[in-house]
Amino acid sequence: MAEAASHTTSYVRDKMLPQAEPPTLQKGAIKWMRDNLFSGWLNSILTIVSIYVIWAVVSDLFPWFANSIWRADSLTQCREIRNATVGADAPAACFAVIVDRWQQLLFGFYPREFYWRPILSLVVMLTALMPVLFPRLPRAALLWSVSAPFVIFFLLWGGSVWFPLAAALGFVIGAVAWRLVSAASGALLGVLAAIILPIIYWLYFAAPLADGLAGSVPLGLEAVPSKQFGGFMLSVVIGISGIVLSLPLGILLALGRQSPLFIINKLSVGFIEIIRGVPLIVWLFTASLLLNYFLPPGTNFDLMLRVIIMVTLFASAYIAEVVRGGLAALPKGQYEAADALGLDYWKSMRLIILPQALKIAIPGIVNTFIGLFKDTTLVVFIGLLDPIGLTNAIRASTDWNGIYWELFLFIALMFFVFCFSMGRYSLYLEKKLRREHR
Amino acid sequence: MSDTATDRAVNRSQMMVSDEVAIQITNMNKWYGTFHVLRDINLTVYRGERIVICGPSGSGKSTLIRCINRLEEHQAGQIIVDGTELSSDLKNIDKIRSEVGMCFQHFNLFPHLTILENCTLAPIWVRKTPKKEAEETAMHFLEKVKIPEQANKYPGQLSGGQQQRVAIARSLCMKPRIMLFDEPTSALDPEMIKEVLDTMIELAEEGMTMLCVTHEMGFAQAVANRVIFMDQGQIVEQNEPREFFNNPQSDRTKLFLSQILGH
Ligand SMILES: Nc1ncnc2c1ncn2[C@@H]1O[C@H](COP(=O)(O)OP(=O)(O)O)[C@@H](O)[C@H]1O
Ligand SMILES: [Mg+2]
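Protein chains in written order, with my numbering: chain X, 94 to 531; chain W, -16 to 246.
Excised from the complex, chain X in its bound form:
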């Protein structure tokens, strides 16, 4: 003080203080517990009650796991083993059923000798997802992602290789039409051409083309009909198709709902509200019972395909609403700046608006996907053999009559792994984007 005041009467700091270390806090487990578990009497009571509940659950479940039996041919045998080793009263899980039937839980009644096909499909799917999920990979890899659905379709259902190729050609036609027509006469005509030409092609040319080629160059895998699909594979096929297809459709619906064009706006709103307002199970029954009435006579549309369409439509209505939230959260200035630079509607959506809106919507989108994926178990009610349906099938055999928890636990675990990874990916993406854009 005397130093500072030595030359002048008024106080002026002539020496800036160096930055100081904060005082060292108490550390250690005791301190942590006092802060987090016993910080007040209410907190302490809650902690004790929680510990009791955890203890009760664990102490009940632990013997069931600890005594679990992995090798047996039937439930009766399981029980005999249990009686012989830990006694009749002791709880013991009979995981032998999983060992015995895991292939069925995973693949349904898909022919055993072809198990490599769904497994290879999974590999194809994962590699195809990589360029989409991790944008740092080279963009050319996206071509693989785009063709993967056709490869997977071919692997799973088999049949002539020309059929998926002929179907894929429709998309190529659409893309080429869009390029040429929109360059020549504007985006609207381009979009129309890109929709109408492929539809005409699929309706009238694709099948004869595929048949013709199959006739002259028979090339393909043995066909596996949809009714042999089942288990977790069925859930994954329906779920992933729904996810992949519902995102673009949902985005279009969200844009439609924001559109000032009367017809498009009302159609989008009507579609979203009707689809959302009716339970999925009703739509699934519609798919299994009614959809054939709306299709041209003679088309025997595969039930699984119908379910995929319904699940997609259902999820897209939810995605649309989530994306709309993201669009609404963007400041008006972003739209105006894009307009003022001369970007047309589609470019400003694609380059400016959607990247930001989707980023905001990621948690909601992933949440919808997780919901969709779990809802695929509802197909059991229309006779498809999803994992739940298979538990019924497994119980129907005399060997495993009466077994529930072990199967459900296994199914729960499989779903959990899937859904949890999706949730983690969503967190990763959110963090990454936040870091990038600040």
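Below, in silico cross-link-like pairs of lysine-lysine (PhoX-like), each with a Cα-Cα straight-line distance of 25 Å or less:
| # | chain 1 | residue 1 | chain 2 | residue 2 |
| --- | --- | --- | --- | --- |
| 1 | W | K114 | W | K158 |
| 2 | X | K452 | W | K136 |
| 3 | X | K425 | W | K78 |
| 4 | X | K425 | X | K440 |
| 5 | W | K136 | X | K425 |
| 6 | W | K158 | X | K440 |
Pair ranges (Cβ atoms, derived):
| # | chain 1 | residue 1 | chain 2 | residue 2 | range |
| --- | --- | --- | --- | --- | --- |
| 7 | X | P231 | W | N12 | 48 to 56 Å |
| 8 | X | A149 | W | S142 | 55 to 63 Å |
| 9 | W | G66 | X | I356 | 34 to 42 Å |
| 10 | X | N460 | W | S142 | 32 to 40 Å |
| 11 | W | D181 | X | R528 | 28 to 36 Å |
| 12 | X | P456 | W | S142 | 29 to 37 Å |
| 13 | W | S142 | X | A276 | 35 to 43 Å |
| 14 | X | P231 | W | A59 | 48 to 56 Å |
| 15 | X | P231 | W | I184 | 41 to 49 Å |
To be clear, the hints were calculated from the coordinates, so they are not data collected in a lab. Being a predicted model, the structure only gives us computed values, none of them experimental. Note that CB positions come from ideal geometry on N, CA and C, so glycine has one too.
The hints should help you fit chain W with the ligands onto chain X, whose structure is shown.
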């Protein structure tokens, strides 16, 4: 005394202003619902002119300049920009928008793109400029607004003044013939206003046609060759800056000036 005659009179007093008409607005009217926000606007802007628009809040200044690149639609009268009339024809609108640059009060940079990407986006996607060339142009204009070193940062990492300068550079990258500014400094902290105004002054000195809504009267005196005063959706008075500030004609202008100049 027709508008054109006054315009001419002002015009002649400044260099670098040509006879060529950049913007011609005749009997333009606009309503928001039933609210008559712009009334009988007549304005001719010559190429190279620097026009400052001022007036009380809510007088329709923003609406007027937003009509020029059709961020707002007018309901009556005519707006001709660079020889192209603004109508509902989308082709014309996109053409005009790519010729007319605009800077906003809140910058409106694209937060998910880097500074460089902000600047190259429109040239690449609207003008179809090759990426490399667009990047060179962008760096040129970023140097001009004196922030080339920020090129790879995101807008959120820059100060307000820097963001506004990027916004100016972003518009310039489209090589616009006309620049519109809507209160470019009013969202900025005082110490950043100068850096943005300096950039704008430099632009004015190069002969850019500028319409600028601002209350920076120092800027108006330094670069404007016409000051327009708006009130209640009308152009109340316009004059060259010295006359405008020293010898305002209408009472409303006098009142406004006394309020804004603080005496
Ligand atoms: N989108 C809009 N809808 C209805 N009224 C609006 C809208 N935008 C502006 N206004 C009204 O128009 C008037 C002029 O607004 P504006 O041009 O922003 O004024 P200024 O920029 O001079 O402050 C104000 O009264 C404002 O409330
Ligand atoms: Mg304004």
